Every structure is written in structure tokens, then in C-alpha cells.
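Visitor: All chains, full assembly: derive it from the sequences and hints.
Respectively, the protein sequence lines represent chains E and H. Each residue of the first sequence is one higher than the one before, counting from 1 in the working numbering. Each residue of the second sequence is one higher than the one before, counting from 1 in the working numbering.
Because the hints were derived from the structure by calculation, they are not lab data. There are no misleading hints in this set.
Remember, identical chains collapse to one label, so a pair may be satisfied in a single copy or spanning two.
In silico SDA-like cross-links for lysine to any residue, where the CA-CA straight-line distance does not exceed 20 Å:
1) Lys-173 - Leu-290
2) Lys-173 - Ser-24
3) Lys-48 - Arg-416
4) Lys-302 - Gln-350
5) Lys-302 - Ala-186
6) Lys-331 - Ser-57
7) Lys-173 - Gly-62
8) Lys-173 - Asp-27
9) Lys-302 - Asp-314
These figures come from a predicted structure and were not determined experimentally.
Protein chains: 2
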Amino acid sequence: MGKRLHLNAFLMSTGHHEASWRLSESDPHAGTSLTHFTALAQTAERGKLDSVFFADSPVLWGSVGRRPVSAVEPTVLLAALAAGTERIGLIATASTSYNSPYNLSRRFASIDHLSGGRAGWNVVTTAGADAARNFGLDDQPLHRARYERAAEFLDVAFKLWDSWNDDAVLADKEAGVWADDGRVHAVEHYGAHFSVRGPLDVPRSPQGRPVIVQAGSSEDGKDLAARYAEAVFTAQQTLEEAQAFYSDLKSRTAATGRNPDGIKILPGIVPILGGTEAEALRRERELDELIRPEYARDELAKQLRIAPEDLPLDRELPAELPDEDEIEGAKSRYTLIVDLARRERLTVRQLIGRLGGGRGHRTLAGTPEQVTDALETWFRAGAADGFNIMPAALPAGLGEFVDHVVPLLQARGLFREEYTGTTLREHYGLTRPVSQYEQAGATAPAALG
Amino acid sequence: MGKRLHLNAFLMSTGHHEASWRLSESDPHAGTSLTHFTALAQTAERGKLDSVFFADSPVLWGSVGRRPVSAVEPTVLLAALAAGTERIGLIATASTSYNSPYNLSRRFASIDHLSGGRAGWNVVTTAGADAARNFGLDDQPLHRARYERAAEFLDVAFKLWDSWNDDAVLADKEAGVWADDGRVHAVEHYGAHFSVRGPLDVPRSPQGRPVIVQAGSSEDGKDLAARYAEAVFTAQQTLEEAQAFYSDLKSRTAATGRNPDGIKILPGIVPILGGTEAEALRRERELDELIRPEYARDELAKQLRIAPEDLPLDRELPAELPDEDEIEGAKSRYTLIVDLARRERLTVRQLIGRLGGGRGHRTLAGTPEQVTDALETWFRAGAADGFNIMPAALPAGLGEFVDHVVPLLQARGLFREEYTGTTLREHYGLTRPVSQYEQAGATAPAALG
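Guide: Here it is in C-alpha cells:
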């Protein structure tokens, strides 16, 4: 049996294409509908996908006219989906800048229990002043400071998830001893950003620790991923760039002393399927024509830190733009957008079309065979351990991928036919971490009581 | 049709009696089991109860030897139960001292969407230094300061929940306008404890605002309840005390300009049912005999702010104890315990038995008829709008209440036979609040963009 690839379904309300909500079949209230998200997760599970995933930022971003920007908070959504599914992994984004480690670690450990070991956390530092202003700040903390806080946040989370030994609960009804105080550990973390005594008030969860996902591709982001992440979502437009990113991140991971197989790199793709290539391209064009460029131009101007009036729709980007070094948020996304526009000499209108389809991720419009070929090429060429599937329109785009691409991947021996494990770690082929307090031995000084 | 009473099921892992986990039929891992909690919520729904409820404190409290102290975080548990039930209200406790208003308001609005309007929030300020030490503090903030923060937290939450007009989402596919920027409002709250720009990133939820529950009975707690709460959980041992509390809180509520019918007062009761009174008393005694008093004495000593060795098991409480005024956390619980012990001249061992059954709530051991009589008496005597049902052992205690007490209450015309509404507000007979921004008119200066 050869190496298999991993597939994650990145879900949004009506899909990743910004105009998808305007399709006649789309539910404009999908973003708050449990029925909608349960059906999507069940479809992904029918396709034996590794996981479903939700992005997040705790702020209302941009104009509400443009698209269904609102969304239910993803950790509670994961818990609801745990009840409606049995095997598929459940990954939510949450911010280390605007949460406290005790509360957030506890929520993820709880979801891991409720789902029988299927929880994953996409760790983000949350760019942007608008989000900061919902949390008592005038502006976002500096990029470097956000990543320092993220690293300490993860250290605290790991301590809290490790704070109960796996065998702490004795359940000795006869003696009347529920758990062993000596196997539950205060974490006593006193650092630059956090002071947390612990222990967690939830026993160690089925996966030991939820799976850690990371999605920032800046230098700070890649270093954080190399130290902590077990899966990485990334936007890569060309095979060469994807190979370079893959090789760089595997090397950085190895340099921290970790096994590079313990970090799965999953570039995003936006599949638009058709019975023929022409049909797929027609569907892509129909979606692009539904974009209202005045909304998208405002967002693009914000991302580029320039005024919307400096972006005439039928010209290329201005020659003078800020350096990536001056950008304090979403650095790697900024660079991707500018590089894409310069490389293909796109007008603002064309760039908006490309970004509107999947915000900088690679669109694959074609037949199921063509999409499968593209995935296989990247997988075999050392550009990906699998893919983050971002359907342009939902629910249809996910169902089409599961019904038409997954069987081809299976026929080629590239994807599982059935789940072989029950946890997200098992789906991704990741080891279950041993508690740092068990490693330290039973006489660890941090033992409580 | 006469006035009906309201019933909430207060759920814990294996039940409210501290020794319930030692019963042969109890699952000692129930506290992290979705199967367990889903079955309980479905049982409560079968009984047409108004709601289920989960207490919470973000800390591991006391010895893990004594009982299953751990529990999954209740907001994610609510979301999972939303998927497994259809009509019953879903109430979780969350702390205003150790959360940020944006994140918590968003989670409750999200649960309200996912559940179709069934969410309630029990607002607590979280007593105790141990919890504070999980959030970067050496000790808890002062009682008064915690309540001031709670009031401002609720003001911010109300603004965020109101920040989308009910008709903000236009879903105009033809024109390509998803929502109206003029109907979504920045909240621009800049107060003593919080600065929050808003708006929320979730549209207005089915209930407008989740139902606000409060459970502290100190002076500060009652004032907070009078201003904000729509349901109150309270521990009352005698009819006279319960009547006094009821009348006091209704008056305080009226004094704030609110309709006193808009606050439902629900004392807790711990039912222990038997086919005969003797059988019920035997079941109560069997549970009490499973208590290990050394654990319970340590907790009692902590609550009374004295040393465990000053509490010999077979003597009454010491004559000298701290004044309630000196207590900075859980004031009303402190007073209830001391009053109970003094009034009934209980030894420490007896007091431990009484508290172990339901931590100060009223135990009703008897036949279904006796329990029904007791509920009816308090309801008709102006001591309660309904009850917070705290089964001693779970799941059995809830099933017995639903199968044997609920039908008697229905036969007496005191309780609904079917749900008549779909939201928790409708179950409790509460009005749906109008957004403060809609009241202010379409030209409100807070409109965004």
C-alpha cells in the first residue's frame, strides 16, 4: 500500500466564491443553519475525508452587503457537528490574541471528549485593528508580539491538556475514590503573557491533545508551525512555490527535533467541476460574473493599505506598494496577492475575479479526471501531503467532489476507502502525545495536593 | 386555564448527591459523555420541561478523589445538545469575570441560532481565588467589583445582541446585496471595564437575546437579577424564606421599572422518589451512607474559612464564624449553610449529609404524590414560579421525575402537556426584546459604514 493523501473540507456558508450566495440554489441564511452544516459534514464523512474545517476572525469584516460575512462561532459549531457525525475530524479556528488559554484549552478538550477524539484547533493570531477594537485595544499588537504570545499560549495549552495522567480516573466505587489526586498536576505556568495555575478541570481527552493546525505562511508563522503544528493549511498558486514551501517547512520542522512526517502540509484548492472542461469553465465564469467589483475593490484596497480610488478596475496594480516588512497583519496573504497580480499582469478587475473565487487559493476548474490529475501531480512531486478542499459553492461543490473526485483518487490508490481509525490523529497518521507530567515521572513536583 | 409552573432540569454527571457516582448503576465517566447528556436532555424533553441547565466554574474544585468534579465546558455541551433535541431550552453558566463580552456574547448568539432559539445564559461572577489563579490573578476581585463588571458585561452583551436589526439580512440575490449596512450597528461601548466597538459578527438570533438567568442571592446578586435576569435559580430551605425571597426579588424587579412577571423564580429541589415514603427515605439514607465525610469536611471548612480540624464530625459548628460581610465569594451560600446548621442544630456529620445531597438545596424524599404536593404548595403560596429539579442520581432520578411527578402536575393543570412554543422565551412566557437600535430609529448615529 503506497502513501495516501489527506483531504480536509474547508466549509463556509454558501461556499468560497464570494458570489456563491447569489446562485439560485444557495441558502443566504446558511451561515447560521445547523441543518446546512450538518449535511455538509455528513457529506464529507460519506467521502471518508479526514476532517472538516472552519476559519474564523472575531470581527465583522468588511461590508455586509457583499456576501454572508457573518458566521456562528466555530467551537460551538464543532460541538454541534460532533453530535451529527461519527468519524470525521472537526477543526475550528480560534485566536491566541483574543482568548485566554484556560478557557480555550478547556473548550477544545471538551470537544475532543464529546466527539470521541476528533477535535483539531487551527491556531491563529488574528490580524487587523478591527478585531482588536472588539477586545479593548486601539490597534492590533505587533506581528512579532502576536506570535510570541501564540507560542506561550500553546505551551500553556499543552501543559493543561497534559495535566491529568491518562490513568488519573480510578473510578473505585468500593473505596469511594473517584480519581487519584497524585495523578492530576497543577501546571504552575508563570510566563511573560500568562499566569495559569491549573490543572484543567477536564480529564485528559481521547487524543491526549487536540490536533494543532496552523495556517500563516509568514516567517513567524512558519516558525510557529515548525514548533507546534501537525497540519498546515496554505495558499500556493504554482507547483514550484508549493514545492519550495513544502521543503522549507519540513526542514524547519526537522530542525526543531521533530519528525517531519508529523506535520502534514495541505495547500488549498478551489475545485469547480464539470462533465467537460468547457462546462467547468462556464460555471467558473458564471460565478465570476456575479461578483460586484465595487465591494471587492474596497477589500483589496484595505489589504494593500491604499485608497480604493487608487485601484482603477481596468488597470494593473500601482507600481508603488508597501513592502511586506511594513505589514503588521496577514503578511503572507499580502505578498501572495501582489505576486499573483504582478506575475500574470492582471488588471484589478481580473485580480478581483481570481481572489473572489477563493481568496488567493488555486482554482481548479475542469473535469473530475483533470482535478484528480492535478492533485496527484502535486502530491507525487513533493508539493503536498494532501489538500484543503474549498468548494466554490456549497453544498453542491462538496457533494460533486465526494461523488466524482474521491472515487478516482481511491481507484488510483491515493485515498482511503474506509476509515481505519476513530480519531483525527489516526486519520492524519499522527502519534498520540505522551503527557509531559507522565514523562517526568510520578514524583513530579507539580503534583497537586 | 390557570397559571402553570416552570420546570428546569439541573444536570450534572451522575447527579447532585455527591456519592451518586458510587451507585452500581452510575457511569463514573458520565461527565465527559455526550451519549449520557443527550439521553438526559431527551428525557427532559419527553417530560416537556422548559429547559436543562449546567452549572460551571472554570477551575478544578477540591479533591478529585471525592466525586467526578470535572466536566466538559457547558457552552460547547449546549451546542452538542442542540443537535440532539428539538424543543427544550438549553441553559449554560458562564463567568463575567473570566470571559470577554465579544467572545461570550457571540457564543450564546451562535447557540441561539443553532438551536432555533433555545439558548439561555446563567450569569455568574465566579467566586474563589482558585479560579482567579487560572486567569492571571493572585486572588479574586472583590465581590462588589465582580458585580459591577457583571453589570457592564451585560450592557455590552445586550448591545452586541441588538447590533443587527431583525430585518438586516436582505438576501437580495438579484441586486447582489446580502445585508443592509445601515441596519447593522457599531456598538461603540467605552466603559470602565470594557471597550468594544462591534457590531457582532452574527445576525440577530431567534430570541433576539438569549434568556438571562441569575443564581446569586447576595444583595449584589439580587440587584443584578432585578435589573437583568429573566429566570432566577435559588436555594431555599423553608417556605417562609422562599416567600420572603420571592416577594423581595419581585419588588426589586418592579422597582427597576420592569414587569415582575418577566422574572421567573425557581428554587432548587432534590427529589428522591420511592413507591412509598419509607422506600424514598431508605434510598436517601443509602446515598448518604456512601458519603466519605473526610472529603466533605475539607470543602465545608473551605466554605466557612476555617481549618478542617476545627470541625469535629460529631459536634455542631463552632460558635465563632466569620460574618457574611467578611466573605468575598459565594456570600449567600455561606449564610445558607450557617443558618441551616444553627436552625436545626446539626452536627458537622449531619450537615455534611444535608449538603452532600444537593449542596444546600431542599431535598424532597417521598412518593410522587408527596413531592407533587410539596411543589404545588410552594407554587400556590407565592414562593416559586416553578422549580429547578436537581435529581440526586442520574440518569434514573430524572426519568423517575418525568414519569411519575410530571403526569401528576399535568393532571392537576399545573404543567403543560405539550410545548406550545419553539423557543426558551416562549416556554418561560417571556417577551422577545426589541433591539435598542431599532427603538432608536433608523437614523441612529451608531450605524456602521
